[in-house]
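Here the protein sequences line up with chains A and B, keeping their order. Everything in the first sequence is counted per our numbering, starting at 1 for the first residue and increasing by one. Everything in the second sequence is counted per our numbering, starting at 1 for the first residue and increasing by one.
Because the hints were derived from the structure by calculation, they are not lab data. Since the structure is predicted, the reported quantities are computational estimates derived from the model, not experimental observations. Just so it is clear, CB atoms sit at the ideal spot from N, CA and C, and this is done for glycine as well. There may be inaccurate statements among the hints.
Partial list, derived from the structure: chain B residues whose beta carbon lies under 8 Å from chain A [to be verified]:
#1 Leu197
#2 Arg199
#3 Thr200
#4 Met201
#5 Pro215
#6 Gly297
Stretch by stretch, here's where chain A covers chain B in the computed footprint (C-beta under 8 Å, at least three residues) [stated by the list, open to error]:
#7 42-51
#8 72-81
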Amino acid sequence: MTAVIDASAVRIDGVSRIFGSGSHRVHALDNVSFDARPGEFVCLLGASGCGKSTLLGILAGIDNPTSGTVDVGDRQVGLMFQDSALLPWLTAGGNVALPMKIRGVPRADRKARVEQLLALVRLAGLADKRPHELSGGMRQRVSLARAFAQEADVLCMDEPFGALDAMTRDLLHDELERIWRETGVTILFVTHDVREAVRLGDRVVLLSSRPGRVAEIFDVGLPRPRRIDSPDVAALAVAITDRLREEVVRHGH
Amino acid sequence: MATEVTITSATARATPVGSAADIDAALAGLDALETATEPRPPLALRIWSVTWPKLGAIIIFLLLWQVVVWSGWKPSYVLPGPGEALSDLGRRVTTGDFWSAAARTLQRAVAGYALAILIGGIVGVAVARFALLRSAVGSFITALQTMPSIVWFPLAILLFKLTESAILFVVVLGAAPSIANGVISGIDYVPPLLTRLGRTMGARGLQLYRLVVAPAALPSVVAGLKQGWAFAWRSLMAGELLVVVPGHPSIGSDLEDSRQLLDTVGVLAMMMTIFVIGVLVDAAFNAGDRRMRARRGLLPPRSH
Ligand SMILES: Nc1ncnc2c1ncn2[C@@H]1O[C@H](COP(=O)(O)OP(=O)(O)OP(=O)(O)O)[C@@H](O)[C@H]1O
Ligand SMILES: [Mg+2]
Chain A
1 MTAVIDASAV
11 RIDGVSRIFG
21 SGSHRVHALD
31 NVSFDARPGE
41 FVCLLGASGC
51 GKSTLLGILA
61 GIDNPTSGTV
71 DVGDRQVGLM
81 FQDSALLPWL
91 TAGGNVALPM
101 KIRGVPRADR
111 KARVEQLLAL
121 VRLAGLADKR
131 PHELSGGMRQ
141 RVSLARAFAQ
151 EADVLCMDEP
161 FGALDAMTRD
171 LLHDELERIW
181 RETGVTILFV
191 THDVREAVRL
201 GDRVVLLSSR
211 PGRVAEIFDV
221 GLPRPRRIDS
231 PDVAALAVAI
241 TDRLREEVVR
251 HGH
Chain B
1 MATEVTITSA
11 TARATPVGSA
21 ADIDAALAGL
31 DALETATEPR
41 PPLALRIWSV
51 TWPKLGAIII
61 FLLLWQVVVW
71 SGWKPSYVLP
81 GPGEALSDLG
91 RRVTTGDFWS
101 AAARTLQRAV
111 AGYALAILIG
121 GIVGVAVARF
131 ALLRSAVGSF
141 ITALQTMPSI
151 VWFPLAILLF
161 KLTESAILFV
171 VVLGAAPSIA
181 NGVISGIDYV
191 PPLLTRLGRT
201 MGARGLQLYR
211 LVVAPAALPS
221 VVAGLKQGWA
231 FAWRSLMAGE
241 LLVVVPGHPS
251 IGSDLEDSRQ
261 LLDTVGVLAM
271 MMTIFVIGVL
281 VDAAFNAGDR
291 RMRARRGLLP
301 PRSH
């Protein structure tokens, strides 16, 4: 019985989302279906405005589909927003501690865990800094630590590394991969960057635009650890990029 | 510096999955480039830099006043110079009567203001929260706010006679609408992203209010509190002039006494007292406001 439940951690079934009505009607998602196995790393790829953030919002329970269902069982879903979205009145440490505070974790435990998580994203000792005192990349890492503090079984990440320079991003890919392996969390990772998707994902779900539909799902199947500049990654990225381009061209007509 | 970055970058790329130590070193190198720390100037210097413009303004004002007196526009027993008024004030502050009057006035102010915060806060949250309540009383709050507090006194005196309650009543009515409006607009302008963020972390209801909505609304709430104080203080001064509670001397009643004795010097000395209290409270609000903005990174960076 558990085997049946465990077959997929996330089941997205025929999800559509329509915003507004009349002439302002935006069909953001149309009949999107796919699953993610427990502990799987799924990357979502698609042009800007194809409904990726909308889908994650629905998964995290802050938005509802117009039709269709998402099923995560009794799993906790965490969401890392597209902007680092740190609370400006809290320190870096306070931001990381917030999800624990909400869950009712005792203060002493919180403090220890915050140190641990900040060390994990290589920001040890910066717990007392305010968000505005950090660089954009550091803020995103605080946001990453906060996402882990949610102790979610399913972690939705919305372009978490979009604003980082290539080098920091590469380092954080390694980090994220390590944490993902250690914790066995299921990750849904949104990105614009095809290579990043291939570098990280077990599978890459390609979405078409307006309305967002699943265009194709690619199995990556390359051995880990991978490098973003390895020929294998590049080759698959080229194939996916071609497919993505086809979608964009088709949309243009 | 640029060469340092290329070197660390090269080492990081040499190993596909860098060891923890490599990653540490590389990121630490980058972070050192990214964060700059600024030393704070010493306290005395900071205090001086905010006080000297105020002192300068006061001196210019006193000079202008003196010039008007010298011009002989009014006889000096009607309009005395700043020297006389200041020395009268200096004499007064050595008396116990002055301090007990000031203490009574401040105690009234604090009690009325505190009650206004309580009522304004509750009304503000309720109106922001419930649409029906907003359409019912939302616009009345602003209407109340624009009503001069002095028009409440006839009613207050009929209801409470010449008592402390009459003054309290008007002070609360003067201050509460501003405070409520501050709370309402604070809550209205909380970025939806922040509430969504709180909700994805599992915060609901009161917890969401306490941890996300209230701190996000704070700047506007502080603005409302500041305005509420101004209204409370004005209402109180009007009240102390009109409602002289027998046996309860206060700053306002001292002012009224001086007028009746045709003691212009005394009137000016008491007005200076009222002004000084206003300036001090404003400075306290500004210090709090600056602190809040500094913590949130809303102050322009210091220039040297
Ligand atoms: N609250 C809303 N009201 C109206 N339209 C919306 C709303 N939220 C999103 N949309 C529309 O839905 C579409 C999908 O938006 P979404 O934010 O999910 O895109 P995205 O794939 O995340 O894009 P990006 O890669 O640029 O972040 C867009 O056309 C957007 O204009
Ligand atoms: Mg998005």
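Problem set entry | Those earlier numbered hints the structure runs against, lowest number first | Per hint list: 7 and 8 violated.
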